[in-house]
Amino acid sequence: MNFVEIMRFAVRGLASNKLRSVLTTLGITIGVASVILLVAVGNGASAAITASIQGLGTDVVNVAPIRGGQSATTRPLTVQDAHALVDPIGAPDVKASSPVVNTSATATYGQTSYTVSSTIGTEPDYFTTTNRQIADGQIFTAEDVTQARKVVVLGPTTAQAIFGDAEPVGKNVLLNSIQFTVIGVLQTKGSSGLQNADDVAIAPISAVQNSLAGYGALNQIAVQATTADSIGLAQAEVTAILDARHGIQANANPDFQIQNSAQLLQTRTSAIQTFTVLLGAVAAISLLVGGIGVTNIMLVTVTERIREIGIRKAIGAPRSAILGQFLAEATMLSLFGGLLGVLIGVVGSRFSIAGIQPVVVPSSIALAFAVSALIGLFFGSFPANRASRLRPIDALRHE
Amino acid sequence: MKPVLAVSGLRKTYGSGETAVHALRGVDLQVWPGEYVAIMGASGSGKSTLLNMLGCLDTPTSGRYLLDGFSVADLNERQLSLLRNRKIGFIFQSFNLVPRTSALSNVELPLVYSGLKRAERRKRALAALDMVGLTARAKHLPSELSGGQQQRVAVARALVGGPALLLADEPTGNLDHASTIDVLGVFDRLNALGRTVVVITHEDEVAHHARRVIRVSDGRIVSDEVTRRTGVVA
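Line by line, the protein sequences are chains E and D.
Going by this note's numbering, the residue at position 343 of the first sequence is 343; the numbering climbs one at a time, nothing skipped.
Going by this note's numbering, the residue at position 187 of the second sequence is 187; the numbering climbs one at a time, nothing skipped.
If you're looking for bench data, these hints aren't it; they were derived computationally from the structure.
Treat the hints with caution; some may be incorrect.
To be verified - To give an idea of the chain E side of the interface with chain D (calculated C-beta under 10 Å), a few residues:
id : residue
1  : Glu5
2  : Phe9
3  : Ala15
4  : Arg20
5  : Leu23
6  : Ile66
7  : Arg75
8  : Val79
9  : Asp229
10 : Arg312
11 : Ala314
12 : Arg391
Glycine included, every Cβ here is placed at the ideal spot set by N, Cα and C.
Given these sequences and hints, build the entire structure.
This is the structure in structure tokens:
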């Protein structure tokens, strides 16, 4: 009784009930495919966020207010705060600092009306700090900011949505009924996974505060360090200057927080990792359920074929042959299901899912496949063992 | 010459205490090579229990059983399955072919478990099918064969490994008259070729083919007579 014969018996056993075999295989297939796909989606989201944050530049420090601070002395971030950070003596490692206000606006051009997902008021340095390149036209100048000229630079998605294929530069567009002149279109930067960086309208901060946002606090100050290596020094200098300006004593809680892109990356990726683990766990459960399906079907198969087992034993099949046959059947079911699942998972991850381009983790393929093989052995061994232990006389009498 | 099978003091009790059922109450029996033995008895006489013991399908409560010189009680499970494979060909009342498996594959099955190469298996299985006159039906599934044909496939399967002993449990119990004649003819030919055959039956017609008839009643052998000269037993 060799290996090939056992395999042949197993194939014949599975082929004798094709529909049942296929349905059982499906359980494993779905389990394996979902492990691979969901982990790939989590990984893809994490990769997209990493790319978008790295796109910000590794030399950027973000200052944001802490909202709802506990003391009444909480001071908002102001344009003056932003300008104070550019100080060759007090902050030699700060290259540029741009105040940022965020608002939302609806752009209207002719009959077209479009809600821009992010409308930003800032200064020209913002473009270099955030690494945005111009594709068409030009960015606004420092003079545009001091004159509060109503000019706007659009992201490519926004420009496409408002103007279609027409040339946007030089056109007048209404932002919340205020007329702005389009002077430039940005190069595409892609989705960050959470928001589309290409759906944006960027205008001089003075103009935005004048006509759209009002003269409130800044949402953010984007600070650029002189080099990526000096980011730590820049961060310390910014903290010192803002502490002094906001009158914050040592040990007191500041009313602003400073994050560099590495820290931003860390918080974002740790959130995504949790998300990936969660997705993986759900998929693993479905794989487990598939495995229990294999056990269930093998138990039914064994019960159904008790007589056949009796016949085989009566004509001299040793226990090992019976054990091998049913174990091989279970393993084949789950291995075939696993292979199919790997195939579906890998092919499926070529398509973008919910706006995320999945990135397959090779170890997840190996893991899911190995688990499916083990499921066959593990979940199959119980019914197979039961079959092999039957006494021939009892098995033959079974109706 | 040593007997193919020799049992002494064979007992089988199902259950225990008040409800105990004594299926066999001490059987002594020897069967010699080349014999054609019919074991007869009413239902419940213990004849089927006896055959299951002889076929190593069941274990006796007490007593000694030598099959072709091997003491069955001393063998482990693996050796028992080897013994069933090499020494015994079993034929059942309900044929017991493996379903959804061709006649040829059914006949090959014992040879698969004894580890024969494929080509050799095929050759021997076809020879066995030829012996029962079913070469033309080799590729048919059991469900495509008549009862008599299925039983002849079962006979081919029983004899393909060249066992020392053919054991048949009511082999014609489920067959019509014509098929019964077919199957009994096969037994006659096999016995003429020197095979040892032990048949359990309650039909006189079957017993007439045998050369020795043993009657069992209430778990004991009540008569044991040679009906024709066997020519083999001294």
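Structure-based check of all given hints:
1. Taking 10 Å as the C-beta contact cut-off toward chain D, the hint placing Glu5 (chain E) at the interface holds, the least distance being around 5 Å.
2. This hint holds: Phe9 (chain E) has a C-beta 8 Å from the nearest C-beta of chain D, less than the 10 Å allowed.
3. A cut of 10 Å between beta carbons decides the hint on Ala15 (chain E): the least distance to chain D is about 9 Å, and the hint holds.
4. A hinted interface residue such as Arg20 (chain E) counts as satisfied when its beta carbon comes closer than 10 Å to some beta carbon of chain D; here the least separation is about 13 Å, so the hint is violated.
5. About 19 Å separates the beta-carbon of Leu23 (chain E) from the nearest beta-carbon of chain D, more than 10 Å, and the hint is not met.
6. The criterion of a C-beta within 10 Å of any C-beta in chain D is not met by Ile66 (chain E), whose closest approach is roughly 74 Å, and the hint is violated.
7. At its closest, the beta carbon of Arg75 (chain E) sits 84 Å from a beta carbon of chain D; the interface hint therefore is violated under the 10 Å criterion.
8. The beta carbon of Val79 (chain E) comes no nearer than 84 Å to any beta carbon in chain D, farther than 10 Å, and the hint placing it at the interface is violated.
9. With a cut of 10 Å, the hint placing Asp229 (chain E) at the interface with chain D is violated, because the nearest CB-to-CB distance is about 73 Å.
10. Hint status for Arg312 (chain E) relative to chain D: holds, with the closest Cβ pair at about 7 Å, below 10 Å.
11. For Ala314 (chain E), the suggested interface contact is upheld, since its CB lies about 5 Å from the closest CB of chain D, less than 10 Å.
12. Proximity of Arg391 (chain E) to chain D holds as hinted, the smallest CB-CB distance being about 8 Å (cut-off 10 Å).
The structure does not agree with the numbered hints 4, 5, 6, 7, 8, 9 stated previously, though it agrees with the rest.
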